[in-house]
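> Take a look at the letters that make up each chain.
Number of protein chains: 2
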Amino acid sequence: MKLAICGYGNIGRGVECAIAQNPDAELVGVFTRRDPAAVHTLTGAPVFPASSLDARAGDIDVLILCGGSATDLPAMTPQLAARCNVVDSFDTHARIPEHFANVDAAARKSGHVALISGGWDPGMFSLNRLYASAILPDGKDYTFWGRGVSQGHSDAVRRIPGVLDARQYTVPIPEALDAVRSGSMPELTTRQKHRREVYVVAAEGADRAAIERAVVTMPNYFDEYDTTVTFITAEEMRRDHAELPHGGFVFRTGKTGLNREHSHTIEYRLTLDSNPEFTAGVLVALARAVDRLAKRGETGCKTVFDVAPADLSPLSGEELRARLL
Amino acid sequence: MKLAICGYGNIGRGVECAIAQNPDAELVGVFTRRDPAAVHTLTGAPVFPASSLDARAGDIDVLILCGGSATDLPAMTPQLAARCNVVDSFDTHARIPEHFANVDAAARKSGHVALISGGWDPGMFSLNRLYASAILPDGKDYTFWGRGVSQGHSDAVRRIPGVLDARQYTVPIPEALDAVRSGSMPELTTRQKHRREVYVVAAEGADRAAIERAVVTMPNYFDEYDTTVTFITAEEMRRDHAELPHGGFVFRTGKTGLNREHSHTIEYRLTLDSNPEFTAGVLVALARAVDRLAKRGETGCKTVFDVAPADLSPLSGEELRARLL
Numbered sequence: 001m002k003l004a005i006c007g008y009g010n011i012g013r014g015v016e017c018a019i020a021q022n023p024d025a026e027l028v029g030v031f032t033r034r035d036p037a038a039v040h041t042l043t044g045a046p047v048f049p050a051s052s053l054d055a056r057a058g059d060i061d062v063l064i065l066c067g068g069s070a071t072d073l074p075a076m077t078p079q080l081a082a083r084c085n086v087v088d089s090f091d092t093h094a095r096i097p098e099h100f101a102n103v104d105a106a107a108r109k110s111g112h113v114a115l116i117s118g119g120w121d122p123g124m125f126s127l128n129r130l131y132a133s134a135i136l137p138d139g140k141d142y143t144f145w146g147r148g149v150s151q152g153h154s155d156a157v158r159r160i161p162g163v164l165d166a167r168q169y170t171v172p173i174p175e176a177l178d179a180v181r182s183g184s185m186p187e188l189t190t191r192q193k194h195r196r197e198v199y200v201v202a203a204e205g206a207d208r209a210a211i212e213r214a215v216v217t218m219p220n221y222f223d224e225y226d227t228t229v230t231f232i233t234a235e236e237m238r239r240d241h242a243e244l245p246h247g248g249f250v251f252r253t254g255k256t257g258l259n260r261e262h263s264h265t266i267e268y269r270l271t272l273d274s275n276p277e278f279t280a281g282v283l284v285a286l287a288r289a290v291d292r293l294a295k296r297g298e299t300g301c302k303t304v305f306d307v308a309p310a311d312l313s314p315l316s317g318e319e320l321r322a323r324l325l
Numbered sequence: 001m002k003l004a005i006c007g008y009g010n011i012g013r014g015v016e017c018a019i020a021q022n023p024d025a026e027l028v029g030v031f032t033r034r035d036p037a038a039v040h041t042l043t044g045a046p047v048f049p050a051s052s053l054d055a056r057a058g059d060i061d062v063l064i065l066c067g068g069s070a071t072d073l074p075a076m077t078p079q080l081a082a083r084c085n086v087v088d089s090f091d092t093h094a095r096i097p098e099h100f101a102n103v104d105a106a107a108r109k110s111g112h113v114a115l116i117s118g119g120w121d122p123g124m125f126s127l128n129r130l131y132a133s134a135i136l137p138d139g140k141d142y143t144f145w146g147r148g149v150s151q152g153h154s155d156a157v158r159r160i161p162g163v164l165d166a167r168q169y170t171v172p173i174p175e176a177l178d179a180v181r182s183g184s185m186p187e188l189t190t191r192q193k194h195r196r197e198v199y200v201v202a203a204e205g206a207d208r209a210a211i212e213r214a215v216v217t218m219p220n221y222f223d224e225y226d227t228t229v230t231f232i233t234a235e236e237m238r239r240d241h242a243e244l245p246h247g248g249f250v251f252r253t254g255k256t257g258l259n260r261e262h263s264h265t266i267e268y269r270l271t272l273d274s275n276p277e278f279t280a281g282v283l284v285a286l287a288r289a290v291d292r293l294a295k296r297g298e299t300g301c302k303t304v305f306d307v308a309p310a311d312l313s314p315l316s317g318e319e320l321r322a323r324l325l
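Chains as they are written, first to last, in this note's numbering: chain A, 1 to 325; chain B, 1 to 325.
Since the hints were derived computationally from the structure, they do not count as laboratory data. These numbers were taken from a predicted model, which means no experiment stands behind them. Misleading hints may appear alongside valid ones.
Note that identical chains are pooled: a pair holds if it fits in a single copy or bridges any two copies.
[As the list claims (entries may be wrong)] Capping the alpha-carbon separation at 30 Å, the derived lysine-lysine pairs in DSSO-like fashion look like this:
{"hint": "1", "residue 1": "K295", "residue 2": "K109"}
{"hint": "2", "residue 1": "K255", "residue 2": "K109"}
{"hint": "3", "residue 1": "K2", "residue 2": "K255"}
{"hint": "4", "residue 1": "K2", "residue 2": "K193"}
{"hint": "5", "residue 1": "K2", "residue 2": "K109"}
{"hint": "6", "residue 1": "K295", "residue 2": "K2"}
{"hint": "7", "residue 1": "K2", "residue 2": "K140"}
{"hint": "8", "residue 1": "K255", "residue 2": "K140"}
Could you put together the complete structure from these sequences and hints?
Here it is in structure tokens:
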């Protein structure tokens, strides 16, 4: 399958690397709204201006959209689904129904397949919530995130006066994980589930106490959590906090039996050195599925829920049954 | 959907309980090869002779086959797929391709849908192996089972002269789990991955040393493992070992990045108080999918790999996207 990348940030670079790991995938090139001459790809893949997409759409089986969910994808995905098959990683949970409707209308009209909200949450975590709730209808779900870098929370701290740079780690609380694993179906507050660790590079002479206060009391972002603020040097930030690790847990605990006498726990856990590279791995597997759906004549917007697992794998049905079932 | 059960052992009883937890499912009845008057169902569901299946097949959307994999299902599933839509839990991994071919031929000819090898391994564990290998193509899989009762190993011990009753627990070794979680992709021997705990009720006057020797040296079953044998009373067996807990872990660790510089671990873990009741929960969710596939006009043999996740859930696509994605 011939894949292309639209947008060349962390996820775009991750997709470029992931395509190199999949022998059945070929990278046609990277499309960018920047000056193509200023974009240097990791593998030497060609770079084209976004404006040339129309002319090259016929060479592309699936275009992987690597823009941001806040402003890029809401416009970009419907627009590009009008020209070719696409996959995106739209992750604003509350706006998924609206995004789905917009993309579905565009993809049906143009006769393409567009898969939205690929990645791990939404994505693999969502799949696990669905399978687990179908198997254990009498139960309770829990999702924990981390330990990992939250870009949104890091950005929020960077906007505080006197902050030069910041990194925020979301950390699940071990006692809460244990309580869920026990099957006791605890009710957990926001504060009981996660804590937040913030590392700040402050400007010279900045009021560190005021920065710390501004962080820990920030509404929505930090006020409902126990948060620690640690001041570090720019050198320490570069050395110790350059990576984007993440991960988390999806649990469902449920009861079965005539009198609900048996308890069960399903746990799905991700431990990721690189959030964007793992997300990219999911997107490339989903692009394979989109290519197959399109070649079977399907059209419209899809999510991970609509794709048979076999379509994500390069193996044939026969190979899958013999090796993985 | 109207479901029926064929075979009324541990899994059949589990399916009966699971159907009661799913408001969109109705239990038509239990079919048995025994004398129906001698079978008393947990919920008072009617019991019919297996011979009446032909006459009642028109009332059944999906028949859940709860026979054993060794001798029942290889004949039963193709035979019954000729009459109605079916789901089975065939779990002899090595014979799945052959079973698939037989069931597929029967189901295509009759125009029904037959899903084989539902449950957790094969089943949910297989799904996790597939998704994880599609996302992380450069990686390594590990499956661990337990802590849980293995019926096959318990039966093998029961056949030793002087043994009145026996229960075998398969136990994953914590150091092996930790080595896998570290992402170091260790090579693990059979002995390093699991140990076996055996509880035996011996006949009065039996040679306990000889029984222990017969257990720990038994080829295929125990000789490659560290096994402990504990002699207990019949009363202790009833009190402490009446349940059928099980579970296990599926891991994939893999590398990403231009120079494989990032490591990732995907872990799926089940902790089950009742192996047959959890298996039954999976079978009922799969029966829902089979009913939908059949109503869309599909035919032939399917596995968990071929079913879009949304088809396992009673929720609509719209509800799934809004609540679980």
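> For every hint, state whether the structure bears it out.
We went through each hint and held it up to the structure:
no.: 1; hint: K295 - K109; verdict: both (17 Å within a copy, 27 Å between copies)
no.: 2; hint: K255 - K109; verdict: neither (45 Å within a copy, 39 Å between copies)
no.: 3; hint: K2 - K255; verdict: between (46 Å within a copy, 23 Å between copies)
no.: 4; hint: K2 - K193; verdict: neither (43 Å within a copy, 41 Å between copies)
no.: 5; hint: K2 - K109; verdict: within (23 Å within a copy, 38 Å between copies)
no.: 6; hint: K295 - K2; verdict: within (13 Å within a copy, 35 Å between copies)
no.: 7; hint: K2 - K140; verdict: between (42 Å within a copy, 27 Å between copies)
no.: 8; hint: K255 - K140; verdict: within (9 Å within a copy, 33 Å between copies)
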